[in-house]
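Q: Here the protein sequences come in this chain order: A and B.
Positions in the first sequence are counted from 1; adding 57 to them yields the numbering used here.
Positions in the second sequence are counted from 1; adding 57 to them yields the numbering used here.
Because the hints were derived from the structure by calculation, they are not lab data.
The list makes no distinction among identical chains, and a pair is therefore deemed to hold if it is satisfied within one copy or across any two copies.
Simulated crosslink set (DSS-like; lysine-lysine; CA at most 30 Å straight-line):
id: 1; residue 1: K364; residue 2: K257
id: 2; residue 1: K108; residue 2: K257
id: 3; residue 1: K159; residue 2: K171
id: 4; residue 1: K111; residue 2: K219
id: 5; residue 1: K359; residue 2: K59
id: 6; residue 1: K364; residue 2: K171
id: 7; residue 1: K159; residue 2: K442
id: 8; residue 1: K136; residue 2: K219
id: 9; residue 1: K159; residue 2: K136
id: 10; residue 1: K442; residue 2: K158
id: 11; residue 1: K359; residue 2: K171
id: 12; residue 1: K359; residue 2: K257
id: 13; residue 1: K442; residue 2: K359
id: 14; residue 1: K100; residue 2: K111
id: 15; residue 1: K442; residue 2: K171
id: 16; residue 1: K219; residue 2: K257
id: 17; residue 1: K171; residue 2: K257
id: 18; residue 1: K100; residue 2: K219
Protein chains: 2
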Amino acid sequence: MKTICYPEREEWGRLIRRNTLDTEALRETARTVLEQVRTEGDKAVLELEEKFDKVQLSALRVTEEEFEEAEQRISPALKEAIRTAYQNIRTFHAAQQFEGKKIVTTPGVCCWQKAVAIQKVGLYIPGGTAPLFSTVLMLATPARIAGCREVILCSPPNREGKIHPAILFAARTAGVDAVFKAGGVQAIGAMAYGTESVPKVYKIFGPGNQYVTAAKQQVSLRDVAIDMPAGPSEVCVLADETARPAFVAADLLSQAEHGVDSQAILITTSATLLQQTAEEVQRQLERLPRRELAERSLENSKLILVKDMETALEMTNEYAPEHLIIETADYLDIAGRVVNAGSVFLGHYSPESAGDYASGTNHTLPTNGYAKAYSGVSLDSFIRKITFQEITREGIRSLGPTIQEMAANECLDAHKNAVTVRLADL
Amino acid sequence: MKTICYPEREEWGRLIRRNTLDTEALRETARTVLEQVRTEGDKAVLELEEKFDKVQLSALRVTEEEFEEAEQRISPALKEAIRTAYQNIRTFHAAQQFEGKKIVTTPGVCCWQKAVAIQKVGLYIPGGTAPLFSTVLMLATPARIAGCREVILCSPPNREGKIHPAILFAARTAGVDAVFKAGGVQAIGAMAYGTESVPKVYKIFGPGNQYVTAAKQQVSLRDVAIDMPAGPSEVCVLADETARPAFVAADLLSQAEHGVDSQAILITTSATLLQQTAEEVQRQLERLPRRELAERSLENSKLILVKDMETALEMTNEYAPEHLIIETADYLDIAGRVVNAGSVFLGHYSPESAGDYASGTNHTLPTNGYAKAYSGVSLDSFIRKITFQEITREGIRSLGPTIQEMAANECLDAHKNAVTVRLADL
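All chains, please: the whole structure from these sequences, using the hints.
A: What follows is the structure in structure tokens.
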């Protein structure tokens, strides 16, 4: 980790710069695979699974027997944890239901918004060493609360042709309709275009490697919506002298273990805390199984000392972190002045891992500075707000001339005429 | 217009297909111009304005004198219409303010969302024959209500180096901070990257031709968020025997005059209405100044007769129109079953042009079937919902074991450790 003391403002840009992910180079690969899936359907997905996941599948859809087998294979303790997390995620997202109000903007002119679920959504869950069953809960739970008619999930199988049992158990718990054995670009293609087995969806959610990211970007240009642009995970810890070095170090390391491109930044007003945190990181690092990975990732990470909390806050707003942990005395006051962040963790007993798993908030969040313009996934991500308007004779009589004047000045006479024919009828 | 009677379900896909806009071909042009703006800033924008808009500008930013001149050049009637529309748009969007509730998901675990405005937004307003001052109101009004700190606007100047006075007046009315003379791809580049004159923004809104669309897509892959993918405008009218042919015809024509690629579809249960509407379209067409354009656009348009309202509703949900006008006896009942549409107009006195200009709803809406996954622009488009959580000692004590169990099973030991160090401290 690099330590930086009292940086000048001109240096900020460099300090908080991300390693940008260039998906341009992967564009051609993604395009070729997507096109193959679009034209050949299941046949292409089966071939690509054999090529990339080294598995010969007889069918893509996970069977009822496989779900039952999965349920038997995971421990009661994990089942209980998944159910607890599911309940909290459910509670928090259910409270986000939108109730539109009818607004009379002018007598006789009534306008309102109504939340309607996206009818078909697809969730992608990567494979690899760590089975991301928590992400299944984070995506499927709000989809079901929103009222999506069809919720499907794709995840790559292992070489035995099986999806990790915890992923299947979480999918069942959160109410996913169907799970398909497909990974990478072929999974994104299958959900974007539909195949014989996999239904076409209208929006695709979920993390993935850079190929998956490139494929999601590609299909989002024409065929389907996506949750948000993805990048490596990141955390920023704002801390003062009241913070515990052991907690801060653990929070930085929990980000660092995600991958070599993860970024963890500490911004503090306390030189003592900075020093002690650096020592704690070394101490805790030695006990971590993923030590090598975390060590490499820490090379991207920084401990920054600033002169006051005002400066710290400005810097974090400029950084716009995916996760922001505020471990200070007056954390609520500081939280009120955060304008750019994905999810904020307040006080000394709110580690990021609470939000990653079980407190109820969503862990699918904007990275790479996108928090300046994007929200994380929430119930909103699974609905559209459709607007409605009902205008009476009285309404068109009073509003009509305004519409006619504006339409005429935009040279749109047929727009004007749609009012004129109605006024003539009153 | 083509008339189709009682189509089989297999034909629906073909009937409701759009002319897709392929921006792939424009990608290289857009990329070259964007790169020039990114590296050369104002100098590039000035050169490109000379090249594409045939104007030599001394400065990009519109001056106070130009705003005053604009105000004098437009009629009192238009000023009043713009102010009335602004008030209605303001009323409807102000009612969309989000108030997050604090939710205790588990004793000691409190989570909430807070709406925070996107700090810097950029609006693009195309030039051309029709000055889209209504779009200025539709974008700047919610931006200001949301609390965006900086709201800028780019629009191409005419050959005298001026922006249309109605655009400047609308910008002033709705509270835009600064207006810049820049059009097309160079305007998108200037707002995405920033130049000496034009500030970089975090999200770009607004319509444009296919080059602007290609440029917005390009910058959205890495640099900045955009409102939504754009396509040609479209309307679907659902009507029964109670509908007035003159109203329906006027509604179809008001869509058709937008451009040759616009699409207007009537789906009706009444053969008589269909016939009379076809005749009315011809009658009204003859009186339209934009007759030629509307005539060409009507070639994409269809009058479809179906056997019952249930079928009509299914077809419109499959089409997912940007604008849906329901001119039937029981329009509220039908409206309750619409699942895919951008904005819905109810009854015989709610023409689309009301929502285009002045009723208060937004006219920036998803086209091209995107209504299946996207909402139109609303106050939500200018905010992010940041999540916060505050966990007490009691909270982490009860939730901690769940987090530890899940983290361990995802092989993320540092995540588990962030809880372990805290539990050890209790």
